[in-house]
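Trainee: One letter stands for each residue in the lines below.
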Amino acid sequence: MSAHLSPNQLLDRPASDEPGLPRLLAGIPARGGLGLREHLSLHGELPVVEGRGRARRAGASGLIDEVERAGLLGRGGAGFPTAAKLRAVAGASRSLLGGARPIVVVNGAEGEPASAKDRTLLRSLPHLVIDGAGLAAAAVGAQEVLLGVCESSPPALDAVARALEERRGSRRGGPLDGVQFQLRPVPHRYVAGHESALVNHLSGGPALPTFTPPRPFERGVHGRPTLVCNVETLAHLALIARHGAAWFRRLGAPEQPGSALVTLTGSVVAPGVYEIEHGSPLASLIDAADGLTARPRAVLLGGYSGTWVDASRLREVALSDRDLSPFGASLGAGVVFVLSEDACPVAELARLTRWLASQSARQCGPCLFGLDAIASAFEQLSGGAGKRDAAEPRLRSLAALVRGRGACSHPDGVSRLVSSSLDVFALELADHARHGPCAACARPSELPRPRVPRPATAAPA
Amino acid sequence: MTSHRLRVNPIACEAHGMCHELLPERISLDEWGYPILDGAPLDPALLAHARRAAAACPTLALLVERRSN
Chain C
1 MSAHLSPNQL
11 LDRPASDEPG
21 LPRLLAGIPA
31 RGGLGLREHL
41 SLHGELPVVE
51 GRGRARRAGA
61 SGLIDEVERA
71 GLLGRGGAGF
81 PTAAKLRAVA
91 GASRSLLGGA
101 RPIVVVNGAE
111 GEPASAKDRT
121 LLRSLPHLVI
131 DGAGLAAAAV
141 GAQEVLLGVC
151 ESSPPALDAV
161 ARALEERRGS
171 RRGGPLDGVQ
181 FQLRPVPHRY
191 VAGHESALVN
201 HLSGGPALPT
211 FTPPRPFERG
221 VHGRPTLVCN
231 VETLAHLALI
241 ARHGAAWFRR
251 LGAPEQPGSA
261 LVTLTGSVVA
271 PGVYEIEHGS
281 PLASLIDAAD
291 GLTARPRAVL
301 LGGYSGTWVD
311 ASRLREVALS
321 DRDLSPFGAS
331 LGAGVVFVLS
341 EDACPVAELA
351 RLTRWLASQS
361 ARQCGPCLFG
371 LDAIASAFEQ
381 LSGGAGKRDA
391 AEPRLRSLAA
401 LVRGRGACSH
411 PDGVSRLVSS
421 SLDVFALELA
431 DHARHGPCAA
441 CARPSELPRP
451 RVPRPATAAP
461 A
Chain S
1 MTSHRLRVNP
11 IACEAHGMCH
21 ELLPERISLD
31 EWGYPILDGA
41 PLDPALLAHA
51 RRAAAACPTL
61 ALLVERRSN
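These protein sequence lines are chains C and S, in that order. So in our numbering, the last spot in the first sequence is 461, and the numbers never skip. So in our numbering, the last spot in the second sequence is 69, and the numbers never skip.
There is no bait here: all hints are sound.
Label pairs and their computed distance ranges (CB to CB):
no.	chain 1	residue 1	chain 2	residue 2	range
1	S	S68	C	P393	39 to 45 Å
2	C	A283	S	S68	46 to 52 Å
3	C	S41	S	E65	51 to 57 Å
4	S	E25	C	P81	38 to 44 Å
5	C	G223	S	L46	34 to 40 Å
6	C	E341	S	E25	49 to 55 Å
7	S	M1	C	G291	57 to 63 Å
8	C	G386	S	G33	20 to 26 Å
9	C	R434	S	R7	41 to 47 Å
10	C	D65	S	R66	31 to 37 Å
11	S	M1	C	R168	52 to 58 Å
12	C	G44	S	E31	57 to 63 Å
Please keep in mind that the hints were generated in silico from the structure rather than gathered at the bench. C-beta: ideal position from N, C-alpha, C; glycine also.
Here chain C stands alone, though its shape is the one from the complex (with noise of 0.2 Å):
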């Protein structure tokens, strides 16, 4: 899967102050990562708000203020308030007297099958998260940077390792130089990219989520107070800090303001992860894609733990929070999925949730036992066996039971995909119940097909 720039890039344009797309994505190259020169003069030099001692404080507590004017939320799917997490972790560290430093942790774990943002970032421009990550290090006082990164993704592995190892070759770390930058493969797994999770296992345990509280700010990594951000996030505060809160809040929604990454796969002509202004239509990133590939049936949106809308209201869904509320959507981790009119949604659904059961961490029984149960009655369904006709009603109040209890937000994400897979397909799964698999059930899957889960035992790297 590749990036693709906007539609409206030009290709030799520096970033600057002016606030249109490509932000994020500008300067993007065609293969490989941007160096450490190039970024530089593409973005400018980091604005010295880290110098040393006072001065240093005072400019770190500017800068949770200036992302606290910006608006900006988490992009890792849960769409936080980053200067809140900023502040908290800055105050917890405080409180502590003569108590255990913060440490900044990037999360790029991106377990999500239908999505390729975060790896794009770490592997095409490495830097700008690199920047982020040891600003908001700054803000709130951290002198550790560990960069969580999927062990599933070499390049961007690759490309990380690269990128830190100019940084240390070079004079011009400029104000993070205080900082120290360490590279984490993070298993691939669904639930590894969940908070806890993470904290768990760059605390030497396996890569699976804990009970909450405490949350990471108040007691993560090794007990210390623990500032988790996604890789994206952090892209975004870097480009804050160089252009201010104003240069931000030009593009998006008052409420959600900014740009964000989107993949979209699919039945469209370019798959591919693309920046969009919270707030545009989805019509327009399709076309920027150059189209569909088939008729839509519909699209899911947020991630496979997310929400599908019929595509015969394709036309009125625009990708922000606010906009995708009526539909009981949000933009999630920016995952777009079309589906198109050939495949079957219900076999889809019995595929997908299997393997959102296999993704189960196993550890709470609500999620071990009702994954399992709601990936039964869609195979029943597709596959034929059992009672077809109890299957609707069973999935209905497994979506309700699951939801809540577990110790990460796992089963709540199935619950979802699941009510909304009931609103929108209640034709399919009615014509499944009464006439058994159709034609297309047989049909190989549209979903980016994740990879076959591996035993649910995992060791720290």
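Position chain S against the provided structure of chain C, taking the given hints into account.
Mentor: Only chain S this time, still in chain C's reference frame:
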């Protein structure tokens, strides 16, 4: 004013079902034997029973949490 709520640590819970035995007023079990809580504040009259249920849980997965509002 302080209220008490029940919470379960779903990782620790092994579906022994003691909590339901001791506090059926507030805890039911799903088809696999795991507790279902409603999240509402505890009636003070049930507080002692709730504490007993929490103490009786073999994996200490049931928590009686105090919240000040």
